[in-house]
Amino acid sequence: MTDSHAATSDVRRVRPRDPDSVHQLLQDALDASKADEAQAAWSWESGTATRFGDNAITQNMGGEQETVTVEVAFGSRKGSASTNRMDAAALAEIVARAEAVARAAPEDAEHVPLPGPQAYGVRPQRWFDATADLSPQAIAEDVAHVVAGARDAGLIASGLFDVRARAAARLNSRGLRAWDAATRVDYSTTLRGANGSGKAAATQSDRRRIDPVALSHEAVTNAGLAQNPEPVEPGEWTVIFEPLAVRGLLGMMAWTMSARDAEEGSSAWTDTLGRKMFAEGVDLRLRVDDDVLPAPTFGADGIAVEPTTWVQNGVVQHLYHDRFWASEKDVRPDAARGPLFMAGDEDQELSDLIAGCERGLLVKNLWYIRFVDPRTLTLTGMTRDGVFLVENGRITRPVQNLRWNESPMVFLANLEARSRAVRVGGWSDMKLPAVRSRGFTFSSVTESI
Amino acid sequence: MMDLSAPALDLARAAGASFADWRLVEQRVRTLGVDRGAVKAVDDDEPVGYAVRVLIDGAWGFASGTRLDRDGVAATARAAIDTARASAKVPKTPPARMADVSPAVETLVGPCAEDPFAMTAGEQAAELLDASRRMMDVDGVSRATAWVTFTRLRRLIANTDGSRLDLTNTFAEPWITCTAVVDGDAQSIRNQGGGRQAGYEWLRQVDPVGSAAGWASAAVERARADEVEPGTYDLVLDPMHLSLTMHESVGHPTELDRILGWEANFAGTSFIRPEDVGALRYGSEHVSFSVDNRLEGGLGSWFFDDDGVRMTAFPVIEEGRLVGLSATRETAPLIGLTASNGCCRAASFDRFPINRIPNLYMEPGPEHVTPDDLIGGVERGIYIAGQGSFSIDQQRRNFQFGGNQFWLIEHGAITRPLKKVTYQAMTTDFWGACDGVAGPAHWASHGTPNCGKGEPSQRMRMTHGASHARFRGITIGDGSQ
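Listed in order, the protein sequences are those of chains A and B.
Residues 39 to 487 in the working numbering are what the first sequence spells out, letter by letter.
Residues 2 to 482 in the working numbering are what the second sequence spells out, letter by letter.
With the C-beta cut set under 8 Å, the calculated list includes, among others, these residues of chain B facing chain A: (1) Glu47; (2) Ala60; (3) Gly62; (4) Thr94; (5) Ala126; (6) Ala187.
The set of hints was computed from the structure by calculation and includes no laboratory data.
No experiment lies behind these values; they were computed from the predicted model shown.
All C-beta atoms, glycine included, are put in the ideal place defined by N, C-alpha and C.
Using the sequences and the hints, build the whole thing.
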């Protein structure tokens, strides 16, 4: 496994176990099972999460862990058990426990046999040694840049600089054999002034793609512009959402793209297949060929992650099918909903979207988004980290945060313009443009900053 | 197992730590899930791991590991020490220190009358399957899910104060939903009451099979109901609903770490300032809130928090005035408090313990006041039962809530069901609009199993409670504006 703990100070070498030894470990577990079907999954994670607040590091966390999960089926009776102890006795014990659970389980009316061997295509690089090896000291140096920038500007910095190395493997009794390893760096900081705050964030697979000094400058600029906001009247506004804000809407939308829910009539996607629901140029896809946001090798039950077009030029093309629903409909199951890519306009920058806006609100980020109505996909939430009034193509002043009630279906239908797309972090990273859209509904204001 | 703490604490002392602890978390987690009458999960997991936390020269280091031997613990402790030295590059001013605590050596086990792990998972899953199928049998129901998690949480804590704690708690946390599609509209309801620190006896009380028909008919009734007409209404809120309102608008803003700005990058800060304690008018004279982390069955009743502080009870709001905050051993001294009130918990072995909402509840009103009295005093209003949509700004002022079920109140009586009800308010305006609270006989609790906070994210559990309460002149929307 890793020797990250054996080293000290600035020198680390963080690696997962090698794939062959992991697959052998999983094969041993499968060999111990007497079930009709069995699959074994292994996951490993090592990381450092450095939190700061009030211009100081407040928490600094390192650690690693491994987990093995065994899932077995006798006919359609299934059970699973997991452990993060890797010794032979622990693995034998979870096989026995999963089998005991399965034998006593009720039959699963929607049981689908395990998938067979998959063809995992060649994918862009997701693992970067130098990123995996980043030490807490190196990350603290990056934090120091941001805190120094904030202090110089009379601001208070908080944030999370998180570096993760992950690997996963899967083996099943039908011959599926999967492996994936990835690094991820997620740097975000919020700077607060006396009456306003600003944020900057960057998420990459390779630390070398992030410039902490530039990140610091961006946060200082955003926080400076956001000071002393004044209220505007809620109501319908043309909005320019930066990619972080677009992510807030599309992240919630992606959860609802279930073909089964749509067919049952309980979602906003009901009766949308083949229909033009969104503005010209709206493309939503799962891509596996992007260097900046490289897709994982496999998803649910080890199925290969394949390119998928959800929406093309505003027309809904496909909705998410889990393995059971795919078998019912005789279509290929979807391994995952993302990473989600929304096509940008490579000739447009955020500044172009602002220049083309007569009167509107520039929204940096959204916060606390929740579902309000499933059939319309109406969501509610707040703006955060800076809202600005745009008049005659330029930013004129910061405004107070607002509550909104709106549907991403409406937001994408009313889309007017897009910038080029960038990688945005979150529970599932996406690549998204800034978007200008008309008729976005704000409900009330708050003096919270 | 407690012996494994020795290498960690020895290395921390040798490195000059002013405080260090070793915390082992051993869990048994059984997850059962059914969806649309089919089994989705019968999982039995046993995660175990530990963390070493060290405070050196006022800077924190933390590392977690799963290697359960002395060498593994020592390697993890060395990683924590390295991390503390890295933290010192961007030091705290003043340096972090922990409020003093008297050391304790105790072994304690929480309530669990009927051990869920002594039963087969299959037997428990079959009950959920039956409930799901009964809901699916009702005309109009498109989906019925039933998920239950049983968790046995054992924490071993050893620290440089000399405390040695062996603490075990069991949690039963059901999450059951039913969706109905009627005339092109879809509406969902879910079971109320949340989780409980208990064994299988809590599932017997929730009674998924016996309750299934009621949940299904409630979902269909909600889908068939009239949409609310937006405007200004009086509200009468039931205890389950209030448990969420208080969580968001009282529990979070009174966390001291948020007030100090430590959560500004994600969970947010608070509109409260330290100097507001004792002065801020939070609500009307009918509004009092208390913490009791010894509450029987409370999801936050852990005997000791993860700072090694014995859990306790204290007031937060008295007759509308803010009087207390939740704090940790590190945050308390920063506002001049001499001791922590035991509100520091971690979601798992690999997470740093942080300031968490405790068991927080609204004090009941006068003994003679009933929910019917509150409804009887409303000319035009809405009665909201249970929890639904919820959202609040990052400083906890502007909020919007939905609910599980809604009824119109006209001339002092409930007349018909409604749907798509949301209400918006500012925190202190809302609690200031409270003009009546039902008596102790109507007090009920809700166990919240999924409070999110921290980076990386930490999911935490706690219990809230209330009697019914009435609020005057609240802005009601239908989600379209």
